[in-house]
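> Sequence:
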Amino acid sequence: MAIADSFGCILITGLISAMLYGITLLQTYVYYMHYSEDASTVKFLVAATCILDTLHVSFMCHILYYYLITNYGVPTSLEYIVWSFPASVTANLLAILVVQLFFAHKIHYLCCHKVRWLVTTPILLFVLAHFVFGMVTVVATYPILSDFLHWNSDLPV
Numbered sequence: 078m079a080i081a082d083s084f085g086c087i088l089i090t091g092l093i094s095a096m097l098y099g100i101t102l103l104q105t106y107v108y109y110m111h112y113s114e115d116a117s118t119v120k121f122l123v124a125a126t127c128i129l130d131t132l133h134v135s136f137m138c139h140i141l142y143y144y145l146i147t148n149y150g151v152p153t154s155l156e157y158i159v160w161s162f163p164a165s166v167t168a169n170l171l172a173i174l175v176v177q178l179f180f181a182h183k184i185h186y187l188c189c190h191k192v193r194w195l196v197t198t199p200i201l202l203f204v205l206a207h208f209v210f211g212m213v214t215v216v217a218t219y220p221i222l223s224d225f226l227h228w229n230s231d232l233p234v
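If you want the numbering used here, it's the 1-based position in the sequence shown plus 77.
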């Protein structure tokens, strides 16, 4: 298996993620400049989404640097998942949760009173299921808690 086959995809997705992060920063800036009279909860959700996206991109950059620069040519580094990978997935899951709960709240508010809970309950169940399954995947990646505390401690750097 060539390096291009395995790490080319990771590099491309990291670059796309960084480009989309730039769009997120621009949208956040425009939002705060033009919608300063919005409710403080909406402003907080926009800030939280931007912060979580910042964390996600930072972790992605660390993943790329770890595998493509620091441990380039070290085959044993591929036996372990670097700590920033589950952290990146967790930040992404939290950002998705914030956005989906916001939209579920808006749908709940816009529905007529008779069908309000009939419409939003399945949405909330799917949002919660997505978050729980995502976190189970992150936790299942590391079967032993001690591995969480000592990731890659035995690898040459």
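Keep in mind that the hints are not guaranteed to be accurate.
[What the hints assert, rightly or not] Derived CB-CB ranges, DEER-like:
(1) V107 <-> H207: 25 to 35 angstroms
(2) T198 <-> Y157: 22 to 32 angstroms
(3) K120 <-> H185: 12 to 22 angstroms
(4) F84 <-> C188: 16 to 26 angstroms
(5) G99 <-> M212: 43 to 53 angstroms
(6) S113 <-> Y149: 24 to 34 angstroms
(7) Y149 <-> V196: 47 to 57 angstroms
For the record, the hints were derived by calculation from the structure and aren't laboratory data.
Computed from a prediction, not measured in an experiment: that's the story for all the values here.
All C-beta atoms, glycine included, are put in the ideal place defined by N, C-alpha and C.
> For every hint, state whether the structure bears it out.
Against the structure, the hints come out as follows:
| no. | hint | verdict |
| --- | --- | --- |
| 1 | V107 <-> H207: 25 to 35 angstroms | 28 angstroms, holds |
| 2 | T198 <-> Y157: 22 to 32 angstroms | 41 angstroms, violated |
| 3 | K120 <-> H185: 12 to 22 angstroms | 20 angstroms, holds |
| 4 | F84 <-> C188: 16 to 26 angstroms | 46 angstroms, violated |
| 5 | G99 <-> M212: 43 to 53 angstroms | 28 angstroms, violated |
| 6 | S113 <-> Y149: 24 to 34 angstroms | 47 angstroms, violated |
| 7 | Y149 <-> V196: 47 to 57 angstroms | 51 angstroms, holds |
When the structure is compared with the earlier hints, violations turn up for hints 2, 4, 5, 6 and for no others.
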